[in-house]
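The primary structure of each chain is shown beneath.
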Amino acid sequence: MTFFEAKDVVKQYAGHKALNKVSISVPKGSIFGLLGPNGAGKTTLIRIINQITGPDAGEVFFNGQPLKPEDVKRIGYLPEERGLYKKMKVGEQAVYLAQLKGMSQKEATKKLKAWFDKFDILPWWDKKVEELSKGMAQKVQFIVTILHEPELLIFDEPFSGFDPINANLLKKEILELRDKGATIIFSTHNMGSVEEICDHIALINKSEKILDGPVEQIKKRYRTNTYEINYIGEFDKLDQVLKADFEIIDQAKGIEFNTLKIKLNNGSTSNELLEQLLPYLNIVSFREIIPNMNDIFIRVVKESKTI
Amino acid sequence: MNKIFIIIQREYLSRVKKRSFLILTFLTPLLIAGIYAFMIWMMLKDDTEKRTIAVLNESELVEPVKSSEFTTYNYLQNASFEEVKSSMEKKGYYAILVIPKNILQTKTAELFSHKQVTIEVKSNVGRQIRQHIEKLKRSKIIAEANMPDLEEKLAATRTPISMRTIKFGEGGEIKQSSTEIAMGIGFAASFIIYMFIFMYGVQVMRGVIEEKSNRIVEVIISSVKPFQLMMGKIVGVAMVGLTQFIMWVVLTGIIITVGSALVLPGVDMEALQQAKSVAELPAGAASLDAGQLKMAQDILGTFDLAYVAGIVGAFIFFFLGGYLLYSALFAAVGSAVDNETETQQFMLPITIPLILALYIGFAVAKNPESSLAFWGSIIPFTSPIVMLVRIPFGVPIWELLLSMTLLIGTFLLITWIAAKIYRTGILMYGKKVSYKEIWKWLRYHN
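Going down the list, the protein sequences come from chains D and S. Under this note's numbering, residues 1 to 307 are what the first sequence spells out, in order. Under this note's numbering, residues 1 to 446 are what the second sequence spells out, in order.
Certain hints may be false.
Computed cross-link-like contacts, SDA-like style, restricted to lysine to any residue with a CA-CA straight-line distance of at most 25 Å [unchecked claim]:
1) D:Lys110 with D:Arg178
2) D:Lys89 with S:Val235
3) S:Lys225 with D:Glu151
4) S:Lys420 with D:Gly83
5) D:Lys253 with D:Leu238
6) S:Lys137 with S:Glu110
7) D:Lys206 with D:Gly15
8) D:Lys128 with S:Arg215
9) D:Lys128 with S:Gln203
10) S:Lys90 with S:Leu76
No lab work stands behind these hints: they were computed from the structure. Owing to the predicted nature of the structure, the values given are computational and were not obtained by experimental measurement.
Bound-form chain S, shown alone:
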């Protein structure tokens, strides 16, 4: 028993000390934080490019677009389009805005430019003209209706609705939930599991191939049982995976907390993040209105401790379960071949259920109540990935327990089978192995 710890220790340390591991572990949180920072910067950044736009106003509207700090609108009287067009470069016009005579009927204006105009400019011009026309029409109606306070009355009829989704908990208590957030968490978690199973499963396989091609394996198994060597490697690599995951979570957390405290003092990050889903981007955190902040708080309320702990717990369980199941298979594949190029034919049966699970996960995120979701989260080969998509939406306890039990059972069975293949495979050198051959190995006793 002591020997398996020595093996785990070596497998763990030799990987954790690798430069590639350190780089990946420390760079990824920086990358995540960087993307995060970039998104915030995009949100907060103003368009500070100074632009001048020539306006040919043929309509009856009086200065429908107003110059702002950065965009100047030059109204050109009695100038022909051709003249303006030819003098565009000389005068430094960014674009020409043509407001036709019959704009009230056509509801169309035109922007001419050499370069594609930015969305902001386009929407800004459109909004200003729209508001101008609406205002005109409104004051006309108000004048006709002969009701001086109609404007205020109409304004009072505007009622923005925010939807709060609330679900019933197991004990009938009421929980707040957010469908989008649940979908996001579930999918992110299942994708990480998928990625980790693949990344670390392949590491196990490479480790086995390395031992075989280095010819060290026979030296080792004269001291320990092949099963100990295989399990030592699988467990050691699992710990590397967990270490990396925990480092990512902790480091990302630290970088974002420290970074936001330094760069954006006084800005409520959660509220800001939430602002992304609001149609118009705020110019700064100050522009968040009370309603948005309320919504952000609602979402934060979704994360009560038990909920988060449940998801993290499920994540670790299904990550380990799925990883152990697949890495035993990866180890068996590694033992059957002499080098990595030969793994192709045996990789297929492993990768197909994994990729399938990811696609089922996509579908389940949209419809977590389907029978596909049920079976996908019960069958052990797909359950680690599919179940994680379902968990944030809430899964009946019995389904969860059934899925977990099946996963453990299958993992034990697969490990037993894989160990049989492994035991024979690691001592086979220079032999092209077929499925038929592997079937024979399964029937060897000791």
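Isolated chain D (complex conformation):
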């Protein structure tokens, strides 16, 4: 079931198009990765979802209904450019931001205290933000984003600036929120950082969506049938004994073992390859090279250019 949907969204700024007929569809309860290089249009799309700006053309649906102003209550947004009032007290400020999301002061205070306790920052409730360490400030920002229990959570470059410990804490909490039923959108240019937790992605480049779908399907579609073989021993006439279907892409010598990369062409299988190699090599490991999102992105961009 689709929880959020954008259809043919166009956003034009003087001189350039930020989004050109971009459509995405985010399934309910999924973690959706919005990927693309800096300046591709990701933040513009996110701002449209948050109604910070409106689309020039196209439609945006939230839970099946056209997006309306009251929906901001049901969205939690952690922007890429995020911060807090430095001179304000931490607790006071968190309550203020929660009130702006429509929570009552009493309810916000109660919930915030629980979250602060969970994240070990309760003693900082009455301190000024400028006294907090960066990691603590990030925890506060995260709590404020999710406090009103939004159904849709949007994180723009969530891990930039987070130290590894906090980044892990964040991942854990996000997965927990997903398990409780929230839908999550991740936006990042650092594709490696989110691919293991996203189940759907959309790739955006130069204002256009160039690829989208479930991560597994995409990876399957872009597998290259290339295998990496680590072996001990030497055999330099491999190209003479292998079938023509097995294309040697790379052959490198290492200290402990040597490495071979072979591409399988014309429907030949990995078992056939193994059979052919066994008489000559002492194999240590054998695995398929699965392309990561970065590789796929580069490939798709290249392909879209040639078309």
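Add chain S to chain D, keeping to what the hints say.
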């Protein structure tokens, strides 16, 4: 709608709780009261320094200057100027007064001293010699005229005139007015407005820059509309300004009332204040004569309740109108830059009309009927300041209404424009913005 109140509340409380606000709010009335007290003290204080002045009298006048409680005049017979001069320090003379032989012709006497003599000493000596000579001449004339009661008759011809200015009110009734007072009130009020627009306009701008450089703005506008955030800030800061102004008025009033009741029991403060404009400073309140008290009462009569209420009402209206107009512009400037040093290029178009208004105000205070006064008080960018100068002199109702309507209209228009700039500007980071760029923002829709 509820959210804008939450924003106003934060903007207001976060500023009112600041130490700098509290200090400024409580210290300024003390300062005003202090200046006030100092002026009264200056007026009441006697010169209690004991001085001895050597007198070399070469003229025929007999002891033209008389010693008083604090100043002693030593008449030195048969002493040369050089002798006295060399013995000055030893004998502790403050100065040497030389009355020349032909003083009746030259009408000049000389005071020699090492330090500059005080004005009081100088004028006192001058007055005494003058009175002495006048008395001599008068008695000579009286003797010649052979009229024993001439002295009294001449005295009876002296007639001091006090001018009361009275203007016609709207309904033709007669109102007492005081030009000086009207000028003073008008100018003070307009200057306060000028100061407040600047002070609080810049606070709005700083607030916007703070939100931008803290990077909190995008977090907030995912919950509220940029317009709500901007208006919340503008209104919140306006309330801070009004709070400060009211605190100043109330605290100054309390301090002066309490202070004068404690320090100067039985002294009519209003009368005393009025005495400043009288040429000779009174030695104390007791020396105020009936005429001066009458004048003070006249001036107090100028302040009937309707007049004061009218001025206060106009003040609040034009303060708010002017502030709202300019603070929207200040907010737009704040949104377009990344830090305060970059505001220079955009501040100029805002500060020029404001400063111009203040100068027009100066000119209008002197001539409230000029066409400069009319246009200055109608055009919305200068009207909050210029109109306040004019109001104490009386302004036709239609002009007032026209000015107010234009101010409200312009404020709405400017706010609308500023909001468009603001909306785009607050999300622009690390970009040098030009006027051309801002012009583009105005044409973005949503």
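So, going through the hints one by one against the coordinates:
1. Annotation: proposed proximity of D:Lys110 to D:Arg178 holds, straight-line Cα distance about 23 Å (limit 25 Å).
2. Distance hint between D:Lys89 and S:Val235 is fulfilled; the C-alpha atoms sit about 22 Å from each other, no more than 25 Å.
3. Pair hint S:Lys225 plus D:Glu151 holds up; C-alpha atoms about 21 Å apart against a cutoff of 25 Å.
4. For the given pair, S:Lys420 sits about 23 Å from D:Gly83 by alpha-carbon distance, which is consistent with the 25 Å threshold.
5. Distance check on the hinted pair: D:Lys253 and D:Leu238 sit about 14 Å apart at the alpha-carbon level, within 25 Å; holds.
6. A C-alpha spacing of about 22 Å is found between S:Lys137 and S:Glu110, which places the hinted pair at or below 25 Å, so the restraint holds.
7. For the suggested pair D:Lys206 and D:Gly15, the alpha carbons sit about 14 Å apart, so the restraint of at most 25 Å is met.
8. For a cut-off of 25 Å, the pair hint linking D:Lys128 to S:Arg215 stands: about 16 Å separates their Cα positions.
9. A C-alpha spacing of about 21 Å is found between D:Lys128 and S:Gln203, which places the hinted pair at or below 25 Å, so the restraint holds.
10. Of the supplied pair hints, the one linking S:Lys90 and S:Leu76 holds, its CA atoms being roughly 15 Å apart against a limit of 25 Å.
Every hint, counting from the list given before, is met by this structure.
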